[in-house]
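K.L.:
Protein chains in written order, with my numbering: chain A, 9 to 487; chain B, 9 to 487.
By construction, these hints were calculated from the structure, which means they are not laboratory data.
Because the structure is a prediction, the values reported are computed rather than measured.
Treat each hint with caution, since some may be false.
Pairs count within a copy or across copies, as identical chains cannot be separated in the list.
[Unchecked claim] When the alpha-carbon atoms are kept at most 20 Å apart in a straight line, the in silico PhoX-like pairs for lysine-lysine are as follows:
1) K475 x K327
2) K338 x K259
3) K133 x K36
4) K93 x K214
Number of protein chains: 2
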Amino acid sequence: MAKEKKLVEAITSMEEDFAQWYTDVVKKAELIAYSSIKGCMIIKPAGYAIWENIQREMDRRFKETGVENVYLPLFIPESLLQKEKDHVEGFAPEVAWVTHGGMSPLQERLCVRPTSETLFCDFYKDDIQSYRDLPRVYNQWCNVVRWEKETRPFLRSREFLWQEGHTAHATAEEAEERTVQMLNVYADFCEEVLAMPVIRGQKTEKEKFAGAKATYTIEALMHDGKALQSGTSHNFGDGFARAYDVTFTDKDNTLKYVHQTSWGSTTRLIGALIMVHGDDSGLVLPPRIAPVQLMVIPIRQDAEGVLDKANEVKDRLSKVCSVRIDDSEKSPGWKFSEQEMRGIPIRLELGPKDLEKNQCVLVRRDTREKMFVSLDEIETVVPELLETIQKDMFERAKAHRDAHIWDATDYETFKDTVENKPGFIRGMWCGDQACEDQIKEETGATSRCMPFHDQEQISDVCVCCGKPAKKLVYWGRAY
Amino acid sequence: MAKEKKLVEAITSMEEDFAQWYTDVVKKAELIAYSSIKGCMIIKPAGYAIWENIQREMDRRFKETGVENVYLPLFIPESLLQKEKDHVEGFAPEVAWVTHGGMSPLQERLCVRPTSETLFCDFYKDDIQSYRDLPRVYNQWCNVVRWEKETRPFLRSREFLWQEGHTAHATAEEAEERTVQMLNVYADFCEEVLAMPVIRGQKTEKEKFAGAKATYTIEALMHDGKALQSGTSHNFGDGFARAYDVTFTDKDNTLKYVHQTSWGSTTRLIGALIMVHGDDSGLVLPPRIAPVQLMVIPIRQDAEGVLDKANEVKDRLSKVCSVRIDDSEKSPGWKFSEQEMRGIPIRLELGPKDLEKNQCVLVRRDTREKMFVSLDEIETVVPELLETIQKDMFERAKAHRDAHIWDATDYETFKDTVENKPGFIRGMWCGDQACEDQIKEETGATSRCMPFHDQEQISDVCVCCGKPAKKLVYWGRAY
Numbered sequence: 009m010a011k012e013k014k015l016v017e018a019i020t021s022m023e024e025d026f027a028q029w030y031t032d033v034v035k036k037a038e039l040i041a042y043s044s045i046k047g048c049m050i051i052k053p054a055g056y057a058i059w060e061n062i063q064r065e066m067d068r069r070f071k072e073t074g075v076e077n078v079y080l081p082l083f084i085p086e087s088l089l090q091k092e093k094d095h096v097e098g099f100a101p102e103v104a105w106v107t108h109g110g111m112s113p114l115q116e117r118l119c120v121r122p123t124s125e126t127l128f129c130d131f132y133k134d135d136i137q138s139y140r141d142l143p144r145v146y147n148q149w150c151n152v153v154r155w156e157k158e159t160r161p162f163l164r165s166r167e168f169l170w171q172e173g174h175t176a177h178a179t180a181e182e183a184e185e186r187t188v189q190m191l192n193v194y195a196d197f198c199e200e201v202l203a204m205p206v207i208r209g210q211k212t213e214k215e216k217f218a219g220a221k222a223t224y225t226i227e228a229l230m231h232d233g234k235a236l237q238s239g240t241s242h243n244f245g246d247g248f249a250r251a252y253d254v255t256f257t258d259k260d261n262t263l264k265y266v267h268q269t270s271w272g273s274t275t276r277l278i279g280a281l282i283m284v285h286g287d288d289s290g291l292v293l294p295p296r297i298a299p300v301q302l303m304v305i306p307i308r309q310d311a312e313g314v315l316d317k318a319n320e321v322k323d324r325l326s327k328v329c330s331v332r333i334d335d336s337e338k339s340p341g342w343k344f345s346e347q348e349m350r351g352i353p354i355r356l357e358l359g360p361k362d363l364e365k366n367q368c369v370l371v372r373r374d375t376r377e378k379m380f381v382s383l384d385e386i387e388t389v390v391p392e393l394l395e396t397i398q399k400d401m402f403e404r405a406k407a408h409r410d411a412h413i414w415d416a417t418d419y420e421t422f423k424d425t426v427e428n429k430p431g432f433i434r435g436m437w438c439g440d441q442a443c444e445d446q447i448k449e450e451t452g453a454t455s456r457c458m459p460f461h462d463q464e465q466i467s468d469v470c471v472c473c474g475k476p477a478k479k480l481v482y483w484g485r486a487y
Numbered sequence: 009m010a011k012e013k014k015l016v017e018a019i020t021s022m023e024e025d026f027a028q029w030y031t032d033v034v035k036k037a038e039l040i041a042y043s044s045i046k047g048c049m050i051i052k053p054a055g056y057a058i059w060e061n062i063q064r065e066m067d068r069r070f071k072e073t074g075v076e077n078v079y080l081p082l083f084i085p086e087s088l089l090q091k092e093k094d095h096v097e098g099f100a101p102e103v104a105w106v107t108h109g110g111m112s113p114l115q116e117r118l119c120v121r122p123t124s125e126t127l128f129c130d131f132y133k134d135d136i137q138s139y140r141d142l143p144r145v146y147n148q149w150c151n152v153v154r155w156e157k158e159t160r161p162f163l164r165s166r167e168f169l170w171q172e173g174h175t176a177h178a179t180a181e182e183a184e185e186r187t188v189q190m191l192n193v194y195a196d197f198c199e200e201v202l203a204m205p206v207i208r209g210q211k212t213e214k215e216k217f218a219g220a221k222a223t224y225t226i227e228a229l230m231h232d233g234k235a236l237q238s239g240t241s242h243n244f245g246d247g248f249a250r251a252y253d254v255t256f257t258d259k260d261n262t263l264k265y266v267h268q269t270s271w272g273s274t275t276r277l278i279g280a281l282i283m284v285h286g287d288d289s290g291l292v293l294p295p296r297i298a299p300v301q302l303m304v305i306p307i308r309q310d311a312e313g314v315l316d317k318a319n320e321v322k323d324r325l326s327k328v329c330s331v332r333i334d335d336s337e338k339s340p341g342w343k344f345s346e347q348e349m350r351g352i353p354i355r356l357e358l359g360p361k362d363l364e365k366n367q368c369v370l371v372r373r374d375t376r377e378k379m380f381v382s383l384d385e386i387e388t389v390v391p392e393l394l395e396t397i398q399k400d401m402f403e404r405a406k407a408h409r410d411a412h413i414w415d416a417t418d419y420e421t422f423k424d425t426v427e428n429k430p431g432f433i434r435g436m437w438c439g440d441q442a443c444e445d446q447i448k449e450e451t452g453a454t455s456r457c458m459p460f461h462d463q464e465q466i467s468d469v470c471v472c473c474g475k476p477a478k479k480l481v482y483w484g485r486a487y
C-alpha cells in the first residue's frame, strides 16, 4: 500500500515551484527513473510508449517526403571529427571519449557521437559519385551523448534519443528547400499531434549550429513562460562538403561539391509535452500522442454485473481507441488519481446506478468536465470527444502562448519585461552579436529566433543599443 | 553508367567461394557500406528497411505476450559490471571503455554496454518492492558494443543493433516459463516470417551465457552447411538477484530474491536471411519480410500506353502489397538484374504485346517461374502468389536443412562427417566439457544445442570418449 499512497500524494504545485513540479511529474507519472550513471536517465514504459508514438507518427511524415532510414556507427575517430573547424570547436568540449577496446588502448581515440554530420560526410564521400545519386535523404533514429554538466530528465541529459536527418543535394536551392521543408514537418507535427503551438524562425549567427550556414528552429512556450527549442533544421551549404571532400559529377560532366542539410528532434519533446499541458494533478496528454486514450474505471466493481459490463465496454471501445480497464483492488478515488497523474485523456466511470440507466460517465482529463453518455452511443461519442480534446488543448496552449508575447522597444522595458512578464519578448535587433551577449548577461534572455511569419518592424532601433534595427527577434529565457 | 554496370556484374558463385559470395551480396544488394571505424558497419536503406520490418513484427509479437519497452543508459560503471563474477569474466575482455567526458578524465571508467543485465538489475533493485510489482517484463531496442577481433557484416561487428528483454519474476517456475516462451516467440518468428526453420534446444554449460543458469537457443542451418545461432533466451535463476540484491516482499511478508530472464536477437538475423535463401543472382527475400514485394518493370516503356498502364497496375497493387515501379531509363535486362539482386519476391513485366492481350507476366524470384496473368486478376493472384512463395521458401529451406542432418555414433565417423558432410551432426554426449573441448579443437565443430524436440538415444555411448552417454547433441561448425 505504501507504493500506491506515494502516487496519489499531492505533487508540488506549479505556482509554488515549477521546477519541482516538473520533477515530481516525471517521477510520479512513472516516465523516468534515475540511473546510477550521473546525467543518464532510464525511460520507463509510460515514458517510452510516448516516444514510440512520437517515432511512429514522425517517421511516417518523414517517409511521405521521401526520407529513407539508415544506421551509422556510434563512434567517430578523433581525426574525422576534426576536419570541420567550427563543428569540432562546438562539440569537442562535450563529448565522451573511448580510449580502450577490451584490454588494449586504441591507436586513435573514438568519440561517442554527439551528432553524426562527420560520419555522414565520410559515408557520402564514397556513396555519392554522380548527379544520379542525388539527392540522398537519409535519417537515423539513435542515441547520442553530450557530456553536459547540468542535467534534467528529457530536457538535458548526457545520453538522449533522437532522430537525425542528413541530406545531400546537387544545388543550393534544393538544400535550402529541404531545410525549410523539414522544419515545417516538425512544426506541423508539434501543432497537429502534440497540440503544441510553435514559432518558426531562424537562429542568429550566435545561436546557430556549429558548422551550419543557417539554422532554422521551432520554439515553444512552456507553462512557466520559458521557451523550449523543440526541433532544428540546418543548411550547411557546401561547407562540410568542402571539409570532407564530398563531390559529384554533374550533368555537365564537371565535379561539384554537394549541398547538405541536417535536422533533429529528440526525447526533449516529451519534456515539452509535460510543461505545455501538465497541471497540478500531473500529466495531461493530447489524445493523438497518448499511449492510453481512455481508462475504464468500474465503480463498486463487486456489485452484480458491473465488471462484466465494464469489460464489455472496454472491448467495444478497443475498436475505436486505445483503451484499458483498471479492475485492480484499489479504491476508485485512487484509480482516478492515477489516471489523472498519467494524463490519460478520458476516464469512463461505470457503476451500478449507471448500469440501471444504461449509461456511463465520461470525464475529460483536460477540463475535468463530466458527461453522462448512453452506453449505446459510446463508439461515436468517444472518438469525437478525443478529437474535441485534441483541438481544445491546442487552442488553450495557443491562447496561453499568445497571451505571453510582449513587445519592448527600449532596453528598460525589455529588462523589466524579462524580469516580470514570463514569455516571449518581441524586440528589434541591430544584428550585432555584442547586443545578444549583453542581453544574455544582463537579463538571462537569449534570442530564440527571427520569426518567419512575423516580420513587423515594431521600432526603428535596436532594443539594446539603440542603433538602427535590422530584424525583429523573439527573445526569452529558455530551457 | 559505370555504377549500373557494377551492380549487374556476376557475383562470385556460392559454390566457388561462399564467404566471398556473402560479401558480394551484402555490398551489391546495397545492404551495407563499410565505415572508417574498423569493425563497424553502415546499414544502408535496403538493409535497414529489412531491420525495420523485423522490429515491427517481432515487437508486435512481444507485446502480445505482455512485454513493455523501456530505455536504459548506454554506459555501465566499471564497479557495477563487476558484481556478478561469471558475467564480468565473460564480457570484460571485449568491452569498449570511456575514460574521458569532455576535457576531463572520469573518476570511474564506464563501459559501453555489451548487454544490459547489470543495468537492469541496478534498476530493478529500486523499482521492485513488492510481489505487486511483479512480473516486470521489459525490453529495449538499442545498440551494443563488443570489441571483436574478426568481424563480418551483420554476423559479427563491433557495434550491432538488437533487442534485449529482461524480466523479473516472483517464482523460479514463472521465470522458466518466460524463458521458454520467448525462445518460442523467436522460433515462430523465424519460421513464419523469415521462412527459416530452426532447431530449438538448450546450450551446454560450456556454451551458455556468462552468468546464466540455463541458455536456450534457436539454431538455423545456412546454405553452406554451417550453423547460425539466431536467438537466445536465458534463465538466470536468482543468481543476478543475489549479486545485485534485487528483492521483493512476497505475499507471506518475507523478503525474497526475484528470478530473472533475458533474451536477445540481433541484426545478425539479416545475415541468416541472406545465407538461408540467397542464390547466385543475389538476395532472395521471403515476402513477409521484404520491404518491396513486387517490382513493376515496363517493357518498351516508350511504346504508347505502356507506362500509363504500368503505373495503373502499380497503383492497383499498392492496395494489396508493397509495390514499386522501375521506370528509369535503364534497359529491362538491367532492371531485372537489380530486382533479382535485391531479392524482390515478384517481378511484374508489362509490354506492348501484353497490353494487347490485357495480361502481364509475373516472375517468381525464388524459382524464376514465369506466369501470364490477366490484368483483371492481379489483385487476387499477387497476394496468393506471395503466400505461395513464403510457404515454398520455408519448405525448401527445411528440406535443405533436413537433408543435412547426419548421425555419428563413433568418433571416426564424427570427424569424417564434419570434414565432408556440411550440416548438423547428431551425436551422443557424456556431459563432460573435456569432450566438447576436444571436438572443437580437433574438428572445429561445437555443440549447437541439446534439442527440445529430438531426444532420440541414437547410441549408448559418447561419440567422443565412448563413456556412457547422457544427452543427444546437435553439433556443427558455426558462424
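K.L.:
Indicate, hint by hint, whether the structure satisfies it.
P.N.:
Now for the hints, and whether the structure bears them out:
1. K475 x K327: Neither: 62 Å inside a chain and 62 Å across chains, both beyond 20 Å.
2. K338 x K259: Between copies, since 17 Å is at most 20 Å while 71 Å is not.
3. K133 x K36: Classified as between: cross-chain Cα gap 18 Å, same-chain 48 Å, threshold 20 Å.
4. K93 x K214: within (16 Å within a copy, 51 Å between copies)
The structure fails hint 1 only (numbered hints given earlier).
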